[in-house]
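Here the protein sequences come in this chain order: C and H.
Counting in the working numbering, the first sequence runs from 103 upward without gaps.
Counting in the working numbering, the second sequence runs from 280 upward without gaps.
Treat the hints with care, as some may be off.
Restricting the straight-line Cα-Cα distance to at most 16 Å, the calculated cross-link-like pairs of lysine to aspartate or glutamate (EDC-like) are [to be verified]:
1. H:Lys379 <-> C:Glu134
2. H:Lys328 <-> H:Glu347
3. H:Lys328 <-> H:Asp294
4. H:Lys379 <-> C:Glu178
5. H:Lys379 <-> C:Asp198
6. H:Lys328 <-> H:Glu314
7. H:Lys379 <-> C:Glu125
8. H:Lys379 <-> C:Asp147
Hint data in this document are derived by calculation from the structure and do not stem from the laboratory.
Please read all numbers here as calculations on a predicted model, not as lab measurements.
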Amino acid sequence: MLARAGLACNQLVAYHRSMLRREVVFDAPADEVWRALSDPAFFSDWFGAHVVGSLAPGRQIRFTFPDGVERAAAVEDVLPHRSLIFRWLPFERATDGSTRARPVTRIEFHVSETAVGTLVVFIERALSEARAAV
Amino acid sequence: MNDKRAGRVFAALGDPTRRQVVSCLTDDGPLTATELAARVPVSRQAITKHLQTLAEAGLVASAREGRELRYRLTPAPMADAMSWMVSAGAEWDERIARLKRIFAR
Numbered sequence: 103m104l105a106r107a108g109l110a111c112n113q114l115v116a117y118h119r120s121m122l123r124r125e126v127v128f129d130a131p132a133d134e135v136w137r138a139l140s141d142p143a144f145f146s147d148w149f150g151a152h153v154v155g156s157l158a159p160g161r162q163i164r165f166t167f168p169d170g171v172e173r174a175a176a177v178e179d180v181l182p183h184r185s186l187i188f189r190w191l192p193f194e195r196a197t198d199g200s201t202r203a204r205p206v207t208r209i210e211f212h213v214s215e216t217a218v219g220t221l222v223v224f225i226e227r228a229l230s231e232a233r234a235a236v
Numbered sequence: 280m281n282d283k284r285a286g287r288v289f290a291a292l293g294d295p296t297r298r299q300v301v302s303c304l305t306d307d308g309p310l311t312a313t314e315l316a317a318r319v320p321v322s323r324q325a326i327t328k329h330l331q332t333l334a335e336a337g338l339v340a341s342a343r344e345g346r347e348l349r350y351r352l353t354p355a356p357m358a359d360a361m362s363w364m365v366s367a368g369a370e371w372d373e374r375i376a377r378l379k380r381i382f383a384r
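The task is simple: from the sequences and hints, build the whole structure.
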């Protein structure tokens with residue numbers, strides 16, 4: 103059992119180092135890709151939630167998921183056509199108005215052009231409570 | 280699946296010294312803070328702080344043995360963290376699939 107624990111630990115560390123990371127090349131121009139990632143109206147088409155708010159540092163974006171649950175995120179950094187970073191706030195609101203604590207994760211999109219298309223790196227990183235306060 | 284706990288597990292394992300502590304507990308079985316300080320190149324005081332963080336993440340438990348506490352690994356929360364990784368990963372894969380369909384139009 104402990105040997106499996108060691109293996110699980112190594113796997114987790116490997117995951118953690120890479121965080122949750124996906125690198126995808128899209129067959130679309132970089133400005134089209136950037137718009138899909140940074141314009142809340144387009145964001146709503148693929149993220150899996152209806153999104154409202156402006157993507158500027160310090161501002162909040164509000165997400166409403168198909169099951170009616172609402173959650174907000176704080177925009178941390180925007181480098182137009184390059185990167186967008188936001189952080190989930192630590193709670194969500196259910197349809198009956200009750201709130202529930204949720205873990206804080208930071209989501210990053212990094213966009214760059216390559217010879218074969220537009221590369222987007224998607225990162226989701228779980229934050230400790232202490233760092234989440236920063 | 281408790282994903283708040285998963286966050287604590289990731290934070291706990293995010294520190295290389297704590298990973299070393301976990302590694303020692305895996306390899307050598309339950310150890311005291313003194314025994315860990317002999318294996319990991321930080322002070323006993325630092326070890327104790329790290330053990331506290333690991334305990335708060337549910338990754339270690341302790342039992343009193345004479346004047347010292349002996350710590351053992353309780354790896355179940357790692358399974359929670361792994362589950363979180365898998366389901367969050369699946370969510371991103373769905374998002375990426377939707378994005379690809381959008382650009383394919």
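Consistency of the hints with the structure:
1. A hinted pair counts as satisfied when its Cα atoms are at most 16 Å apart, and Lys379 (chain H) with Glu134 (chain C) qualifies at roughly 12 Å.
2. A distance of roughly 15 Å separates the Cα atoms of Lys328 (chain H) and Glu347 (chain H); the hinted pair therefore holds under the 16 Å criterion.
3. The suggested pairing of Lys328 (chain H) with Asp294 (chain H) holds, with an alpha-carbon distance near 12 Å, which does not exceed 16 Å.
4. For the proposed pair Lys379 (chain H) and Glu178 (chain C), the alpha carbon gap of about 26 Å is over 16 Å, so the pair is violated.
5. Restraint check for Lys379 (chain H) and Asp198 (chain C): the C-alpha separation of about 35 Å exceeds 16 Å, so the hint is violated.
6. The suggested pairing of Lys328 (chain H) with Glu314 (chain H) holds, with an alpha-carbon distance near 15 Å, which does not exceed 16 Å.
7. For a cut-off of 16 Å, the pair hint linking Lys379 (chain H) to Glu125 (chain C) stands: about 13 Å separates their Cα positions.
8. For the suggested pair Lys379 (chain H) and Asp147 (chain C), the alpha carbons sit about 11 Å apart, so the restraint of at most 16 Å is met.
Of the numbered hints stated above, those contradicted by the structure are hints 4, 5, listed in ascending order.
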